[in-house]
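Participant: Here is what each chain is made of, one letter per residue.
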Amino acid sequence: MAASYWDSTQRRHWQFTKEELASMRQKLEDEDPGLVLMFPLPELRHLNIYFNQQINRLGKRLGARQQAMATAQVYLKRFYSKMEIRRTNPYLVLTTAFYLACKMEECPQHIRLVSQEARSLWPADFQTDAVIRMGECEFFLISEMNSQLIIHQPYRTLTSLQADFNLLPEEVALAWSVINDHYMTDIPLLHPPHTVALTAVLLALVLRPTNVPGQASPAGGATPAAASQGIAAATQALAQAQARQAMAGGNGGANAGAGGSAGPGSRPGTPGMPYPISGTQGANGMLSKKVPDARVGKVQRFAAWLAESTIDIEAMVDCTQELISFYQCHEEYNDKHTKEQLNRFVKARGL
Amino acid sequence: MSLTNPPSGATGGPGSVSAGARNQTLKRSVQAAFEDPADRGIGPVGYQSKVRVIDKYKVVGFISSGTYGRVYKALGRQGQTGEFAIKKFKPDKEGEQVSYTGISQSAIREMALCSELSHPNVIKLIEIILEDKCIFMVFEYAEHDLLQIIHHHTQQPRHPIPPTTIKSIMFQLLNGCQYLHTNWVLHRDLKPANIMVTSSGEVKIGDLGLARLFHKPIHSLYGGDKVVVTIWYRAPELLLGSRHYTPAIDMWAVGCIFAELLSLRPIFKGEEAKMDSKKTVPFQRNQMQKIVDIMGLPTKERWELITSTWEYSQIATLQPPLSQPASHHQQHHHYQSQSQGRQSAAAGSQLEKWYYTTINQATSAGGTPSLLSLGPEGYKLLAGLLDYDPEKRLTAAQALQHPFFTTGDKVTANCFEGLKMEYPHRRVSQDDNDIRTSSLPGTKRSGLPDDSIIRPGKRLKEG
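The listed protein sequences correspond, in order, to chains U and P. Counting in numbering that gives the first Met the number 0, the first sequence runs from 0 upward without gaps. Counting in numbering that gives the first Met the number 0, the second sequence runs from 0 upward without gaps.
No incorrect hints appear here.
Cross-link-like lysine to any residue pairs, in silico, SDA-like; alpha carbons within 20 Å at most:
(1) P:55 x U:145
(2) P:123 x U:11
(3) P:49 x U:142
(4) P:89 x U:131
(5) U:338 x U:87
(6) U:81 x P:48
(7) P:49 x U:82
(8) P:123 x P:138
No lab work stands behind these hints: they were computed from the structure.
Model the full structure from these sequences, guided by the hints.
Facilitator: Listed below in C-alpha cells is the structure:
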C-alpha cells in the first residue's frame with residue numbers, strides 16, 4: 000500500500016521480468032505488423048529520452064516538481080506496455096500523463112493551463128479541443144493502468160539513506176540525477192525503487208571523482224573511460240557484497256529475519272526497505288571517520304552494509320548494467336531523427 | 000434522459016400516476032442513469048470502456064448522493080456473488096452536453112487509494128469502470144452505517160446501543176484507522192454516515208473521497224484543501240486553523256463518533272459559519288463554542304502549541320462552559336478529578352460529567368443493556384481521543400491498546416453478536432428526494448469543493 004512497496008500494486012502488477020516485458024511489447028507489434036513496418040521507430044530508450052525532454056519542457060514551464068515529472072514518465076511506460084505507440088499521439092499522451100501525475104503527486108495543475116502550455120510547445124498536436132482530448136486520454140491512461148496510480152519512487156529512499164551513508168550534498172545530487180536518468184530505461188518496470196536508489200548511491204560514490212562536484216547528469220558528464228572505470232568499481236563492490244552476503248546466508252542467515260523491521264531505517268519515512276540489522280551502522284560510522292580517504296571508505300562501507308542486508312544484489316547488478324548501457328546509448332541519441340520518426344506517424348495517421 | 004437530471008425527474012407529477020406505474024418508471028429511470036444515450040458519439044472515435052456497467056451490474060436502486068455524484072445499489076449480472084454499491088461520479092459540468100473536462104483531484108485520490116487499500120475494516124473496492132465520461136466505482140455493499148444505527152436507537156422508546164456493540168464498533172473502527180494511518184492515509188471525513196457496517200457486523204470505513212496521503216507531501220497538507228471533515232467532527236486544531244495537520248484529526252472524529260454512539264446525539268453539534276464573498280474561511284465560532292461547552296477552554300497548559308494556531312486570538316472571545324459551578328475550577332487548572340483520582344489537566348472540562356450523565360441516563364431507559372458496564376475506562380478512552388492537544392491525543396495504535404478493550408465485556412468480531420434484534424436494512428429508494436441525504440451537516444459533505452479555498456499563508460516555523 001501507500002507505505003509499503005511490498006503490498007503495493009506497483010510490486011504486484013507493474014514489476015515485470017525482461018522476458019515478460021519483451022513479450023508484451025512483441026504482442027502489441029504483432030497486432031498490426033503492417034503499421035510497425037510502415038512507421039519504423041528509434042529504439043525505445045531513444046524515444047524515452049525524447050519523452051523525458053518533452054515532459055521536462057512542459058514541467059519547467061509549469062513549475063512542476065521533479066516527482067510529478069518522474070511519475071508521468073512511469074505512467075507513460077506503463078501505458079505503452081499495453082498500448083501500441085503508433086496508435087496514439089505521444090504528445091497528447093505525455094501531456095495527459097503529466098497532468099494526471101500532478102494531481103497524484105499533490106501539485107495539481109489546471110487542465111486548461113496544461114493544455115495551453117502543450118499547445119504552445121507542440122502547436123501541430125494541440126490545435127482543437129485540447130482539453131476534451133486530454134480528458135479523454137486521461138480515461139485511456141487510467142483504464143490501461145487499472146486505476147493503479149500510486150508510484151513508489153526511489154527519491155524517498157535516497158533521502159532516507161543520505162544520513163545513513165554520510166552522503167555529501169554533491170553525492171546526493173549525483174545519485175538524484177542517476178534516479179532522474181533511470182526513468183529513460185525500463186528499470187522502473189523491472190526493479191523496486193529501493194534497488195534503484197541504492198544503485199544510484201553506489202554509482203554516485205564511484206563516479207563522483209570523475210565529475211566536477213555539483214555537476215548534474217552523469218549522462219552528460221562522465222567520459223566513456225570514466226564510466227567504464229565506474230562500472231568496474233561498482234561491479235567489484237557488488238560482487239564483494241554478494242559473496243559476503245552468500246557467506247552470511249551459509250552461516251545460518253542470522254540477519255535474514257531481522258531485515259524487515261529492525262534496521263536503522265525502520266522509522267517511518269523509509270517505506271518498504273529491507274534493512275540490515277542495526278549495530279553495523281555504528282561500527283561503520285566510526286570506521287569511516289578513521290579512514291583518511293573518505294570516498295574509498297564510503298564505497299567499502301556501502302559494500303559492507305549491502306553484505307549485511309537482505310537486498311537483492313543481483314538486481315542491483317542488473318540496474319547498474321542497465322544504467323551504464325543507457326549512458327552509452329545516450330551518446331548515440333539523435334534528437335532530430337527521433338522527433339521526425341515520431342512526427343511521421345502522428346501526422347500520417349492524423350492522431 | 001439527461002445525465003444531470005436526477006432520475007426521479009423523469010416522472011410526471013407524483014400524484015398523477017398510480018404507485019405501481021410510478022415505481023416502474025422510476026426503476027427504469029434509475030437504470031437510465033447508467034445508460035446515457037446523450038453523451039455518446041461526440042467527437043472523434045475515442046475511448047471506449049472494455050466493460051460496460053449495465054452489462055455487468057443490475058442496478059436495483061438509489062442509495063444516496065453527495066457533491067461527488069450518486070451511489071446506487073446493484074447486483075451482479077455475471078454470476079458475481081453478493082451485492083454492490085456503485086458510486087457514480089458526475090462529470091463536472093452541469094447542464095448542456097457532457098464532455099471530458101478532466102477528473103477532479105479528489106476522485107483521482109479516491110480511485111488510486113481504494114485500488115491500493117485492502118483491510119477488513121476498510122470498504123473494499125471491487126472495480127472501477129470508466130465509461131461514457133463517467134467514473135463508476137464498484138464497492139462491496141454494506142447493509143448498515145453508523146448514522147442509520149444511531150438513528151434506529153433514537154426511535155421511541157429511545158434506547159441505548161448495547162455496550163458490546165459499541166465496544167466492537169470502536170475496536171473495528173480504530174483498527175481500520177490504524178491501517179489507514181500506518182499506510183500514510185488520512186481519511187479526513189470520518190463521521191457516522193461514512194462508517195459502514197455489514198449485516199455480519201463488520202465495520203468498514205467508507206468514502207475516501209477526501210482521503211489523501213500525508214507522507215511527505217509536495218505541498219504542505221494545509222496548502223491545498225482548506226476545509227476538511229464535516230463540522231461536527233472537525234478537530235479543534237482545524238477549527239483554529241492550525242498547521243499541525245496530522246492523523247490526530249481523524250482521531251478527534253473517532254472520539255466524536257464514540258460519544259455519539261453513547262448518547263445518540265452529535266456531542267458537538269455546532270452550526271457552520273459560511274464563507275464570505277472573498278472566499279476566506281471564517282472562524283467557526285459556534286462549533287468551537289460547542290466544544291468548549293463540554294471540554295472547557297483550551298489553554299496553553301492543555302495544549303502547548305495552541306498559541307501558534309491561526310485563530311488563537313479568538314479563544315479569548317469564547318465563553319467558558321456554562322454549567323461550570325462558580326469560578327472554582329477555572330482558577331485551578333490542575334484540579335484533581337475526584338472519581339478518577341488522576342490529574343485532569345482539563346481546566347473546566349465537563350467531559351467526565353457528560354460521560355457519567357450519559358451512561359446513567361441510558362440505563363434508566365429500561366429493558367436494554369446498561370451502558371454502565373463500559374465503566375471508567377470508557378471515559379478514559381473518550382478523554383484520550385478528545386484531547387485538545389493533537390500531539391497528546393491517542394493515536395489509533397494507542398487507542399487499540401487501551402484498557403477499555405481488555406476490561407469488562409469482551410470485544411467481539413461481530414458487532415451484532417448476542418443481539419436479539421436486527422437493524423432495519425438500508426433504505427434503497429427509487430426516488431432521489433431521500434430525506435437522509437438532505438443537506439444536514441451530519442449527513443453530507445460540508446459542501447465546499449475540494450482544493451478551492453485559499454487562505455493567505457501565515458508563516459510559521461515548520462514543526
